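K.L.:
Listed below, chain by chain, are the residues.
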Amino acid sequence: MSSRSAVALRVLVGLGALTASVLLPSRVPRVPAEALPEAHAAPPVGAGVRRARAALVGVGVAGLVVGAALLVTTVRPAGVAGLGIWLVGALVLHDGILAPATFAANRLLRGAGARIPPVVLAVLQGAVVVGVVLTLTVLPEIRAKQLGPRNPTVLPFDYGLRLGLLWLVLAALTAIVCAVLLRSQRTRRSVR
Amino acid sequence: MRALFALARGSLASAARHPRTAVVLGRLLGTGFLVCFATGLYSHFLQDPLPGMAFLTRPASLYRITQGLHVATGIACIPLLLGKLYTVFPLLFAWPPARTVAGLLERASIALFVASSLVQLATGLVNTYQWYPWPFPFRQVHYALAWVIVASLAIHIGVKLPIITRWWRRRDSIGPDGRLRPVGTGEGRLGSREPRASGVTGVLQRWIERAPAAPDAVSRRTVLGAVGVATGAAVVLSVGQSLPALAAVNVFGPRQQRLGPQALPVNKTARAAGVVGAATDPGWVLTVRSGRRSRVLTRTDLLTLPQTRVTLPIACVEGWSVSADWRGVRVADLAALVGATGRGITVRSLQRGAYATTILEPEFAADPLTLVALELNGAPLDLDHGYPARIIAPARPGVLQTKWLSSLEAR
Chain A
827 MSSRSAVALR VLVGLGALTA SVLLPSRVPR VPAEALPEAH AAPPVGAGVR
877 RARAALVGVG VAGLVVGAAL LVTTVRPAGV AGLGIWLVGA LVLHDGILAP
927 ATFAANRLLR GAGARIPPVV LAVLQGAVVV GVVLTLTVLP EIRAKQLGPR
977 NPTVLPFDYG LRLGLLWLVL AALTAIVCAV LLRSQRTRRS VR
Chain B
1083 MRALFALARG SLASAARHPR TAVVLGRLLG TGFLVCFATG LYSHFLQDPL
1133 PGMAFLTRPA SLYRITQGLH VATGIACIPL LLGKLYTVFP LLFAWPPART
1183 VAGLLERASI ALFVASSLVQ LATGLVNTYQ WYPWPFPFRQ VHYALAWVIV
1233 ASLAIHIGVK LPIITRWWRR RDSIGPDGRL RPVGTGEGRL GSREPRASGV
1283 TGVLQRWIER APAAPDAVSR RTVLGAVGVA TGAAVVLSVG QSLPALAAVN
1333 VFGPRQQRLG PQALPVNKTA RAAGVVGAAT DPGWVLTVRS GRRSRVLTRT
1383 DLLTLPQTRV TLPIACVEGW SVSADWRGVR VADLAALVGA TGRGITVRSL
1433 QRGAYATTIL EPEFAADPLT LVALELNGAP LDLDHGYPAR IIAPARPGVL
1483 QTKWLSSLEA R
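Protein chains in written order, with the working numbering: chain A, 827 to 1018; chain B, 1083 to 1493.
Simulated from the structure, these hints should not be mistaken for laboratory data.
Because the structure is a prediction, the values reported are computed rather than measured.
For glycine and all other residues, C-beta sits at the position ideal for the given N, C-alpha and C.
One thing to keep in mind: the hints can contain errors.
Derived list of chain B stretches under chain A, where covered just means 3 residues or more per stretch with a C-beta under 8 Å from a C-beta of chain A [claimed, not checked]:
1. 1163–1170
2. 1212–1222
3. 1298–1309
Residues of chain A placed beyond 12 Å of chain B at every Cβ, according to the derived structure [said to hold, decoys possible]:
4. Arg876
5. Ala881
6. Pro944
7. Ala997
8. Ile1002
9. Ala1005
10. Leu1008
11. Arg1012
12. Thr1013
13. Arg1014
14. Arg1015
15. Ser1016
Derived DEER-like restraints, expressed as beta-carbon distance ranges [what the hints assert, rightly or not]:
16. Gly1314/B - Arg969/A: 22 to 32 Å
17. Ile1002/A - Gly1314/B: 16 to 26 Å
18. Thr1428/B - Leu994/A: 51 to 61 Å
19. Ala878/A - Arg1261/B: 27 to 37 Å
Chain A with its partners taken away, still in its complex shape (with noise of 0.2 Å):
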């Protein structure tokens, strides 16, 4: 069997798990959560902590009827629906997507990486972290200057090279912070 398909066995088998666990009955203990190790009372919440809660939460439901009310006295009722599915959109694209991503990105790394030091895969986790957010934050430039731009002062650069060459910077520096890493546990470990 090719790798690719193997790989795409796998991927079929876990959504099937994913779907029995959800469909068939499971028995999960039930555990009072006071039974759990480490778990002590929180202390009791005094007055001024409650009337602090009460007006910032009347403060908050105020300026909400604020914002309903600029939004539906300024934006046709097509935009507000729009907005809505917006709104919805974003969640659904963060919660089932961007953050199960991030998940399964993590165990991966953490599953090929079982051999090298937690700092180093560490360091590896925190460049991709990094190279990820700013792709994210540059990729609907890349498409902003491909549908052209009002004039030639705007997006001036070719921010695809930029991001491209990001990534290489990013990936140069990782892998000086990671061999220096390695090098220095090494002695350390040829000391002892």
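Add chain B to chain A, keeping to what the hints say.
P.N.:
Okay, now just chain B, sitting in the frame of chain A:
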């Protein structure tokens, strides 16, 4: 479903997902949101003042600072928000989803808070690229969402106040062994070691747990470090569009400070505004009016009046700003020609549509730095910078620095 949620909570549990981390990132993000809200309100009211409002005209770079801060802080909030959401993600899988009506309302308010924040930051960023791929008007929605976000922030802080105060200080959060103190019930437990599941869920659980986890301190520092570096990088690599000191590392900014005709970027060209013909017409005049008194001035007339040189920035709502040298006639001197000293002025442009007419409040009209500019950086105004004449005033957004003037009328 209960088993799957338990599996999600257990798998997502990490030392980095600790209320202390959520508080550390949360207070930075909360501060960022408040800075954006304050600077955003300032920008909003400059463009749409309530009756009786007056504004500071000094320092001349005030708007340059507030709006540069608005955009740079908004960009900084993107990695901070993603980091904050990372630390609290297991809470999404709480089971049962809500125990009380208040709990349900709280979760609904969190959903609104998260969704509004994500949409606000994403559309705000893409707006600086002058791309508007959404089915709603940007300005109105950005303003309304700002209120929703700050209101949700107040509710969120109110609800979480005991947890926030519990984990606010370092010395209350970290034990003598240098490790984060364990989280008790009611103290904001974010995911925890879940009991062993059996069956298919158990298999999945064991597979996920087979990968080694980093030591607690490492995983916590990884999250804080990565979010910190990403935040710093996102700001430093774009803020050069408004901060001259960092212009050399302006890698991703949508503008370059000195790029454009006469070393100044352009937002709307004369062609886009549809004013090429009217602005290059040799018969162009500027009309200055107050009631029945009026003066009609050609460009040559304007050039024979006393000229003033000022150094003032163009500061765009999109965040970029550039300082430039301007030369022209004081608006106060022109107002005096028709006996309108001390009054507000309605400024009309040759262009049509939004911003064709703007208001110079009395404090801006009277300011000695406010000019009808005829020259920019030592040469007659470029057509794209408002030839034959434009307004330049201190501490005002670029959209109100009206180009291609046609008349000034006392209010």
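K.L.:
Give a verdict on every hint.
P.N.:
Here is what the structure says about each hint:
Figure legend: the region 1163–1170 of chain B, annotated as covered by chain A; annotation consistent (3 residues with Cβ-Cβ distances under 8 Å, at least 3 required). Only residues whose C-beta sits within less than 8 Å of a C-beta in chain A count toward coverage, and the region 1212–1222 of chain B has 7 of them, enough to reach three; the restraint holds. Using a Cβ-Cβ cut-off of 8 Å, 7 residues of the region 1298–1309 of chain B lie near chain A, which meets the minimum of three, so the contact claim holds. For Arg876/A, the shortest C-beta to C-beta distance to chain B comes to about 9 Å, within the 12 Å cut-off, and the non-interface label is violated.
Distance check on Ala881/A: its Cβ comes as close as 7 Å (rounded) to a Cβ of chain B, failing to clear the 12 Å threshold; non-interface status is violated. Not every beta carbon of chain B lies more than 12 Å from that of Pro944/A, the smallest distance being close to 4 Å; the non-interface claim is violated. With a least beta-carbon separation of about 14 Å from chain B, Ala997/A lies farther than 12 Å from that chain, consistent with its non-interface assignment. Chain B leaves Ile1002/A outside its interface by the beta-carbon criterion, the shortest separation being 15 Å against a cut-off of 12 Å.
Residue placement check: Ala1005/A keeps its beta carbon more than 12 Å from all beta carbons of chain B (closest about 18 Å). Against chain B, the non-interface label of Leu1008/A holds: every CB pair exceeds 12 Å, the least being about 15 Å. No Cβ of chain B comes within 12 Å of the Cβ of Arg1012/A; the nearest lies about 18 Å off, and the non-interface call holds. Remark: the non-interface label on Thr1013/A is consistent with the geometry, its nearest Cβ contact in chain B lying 20 Å away (cut-off 12 Å).
With a cut of 12 Å on Cβ distances, Arg1014/A stays outside the contact zone with chain B, its closest approach being about 16 Å. Once the 12 Å rule is applied to beta carbons, Arg1015/A is consistent with being away from chain B; the minimum gap is 17 Å. The claim that Ser1016/A lies off the interface holds: its Cβ sits roughly 22 Å from the closest Cβ of chain B, which is beyond the 12 Å cut-off. In this structure the hint that Gly1314/B and Arg969/A lie 22 to 32 Å apart at CB holds, the actual value being about 25 Å.
Roughly 18 Å separates the CB atoms of Ile1002/A and Gly1314/B, a value that falls within the hinted 16 to 26 Å. As the Cβ distance of Thr1428/B to Leu994/A is approximately 54 Å, the hint placing it in 51 to 61 Å holds. The supplied range of 27 to 37 Å is met by Ala878/A and Arg1261/B, whose beta-carbon atoms lie about 30 Å from each other.
Violation of the numbered hints given earlier is confined to hints 4, 5, 6; the remaining hints are satisfied by the structure.
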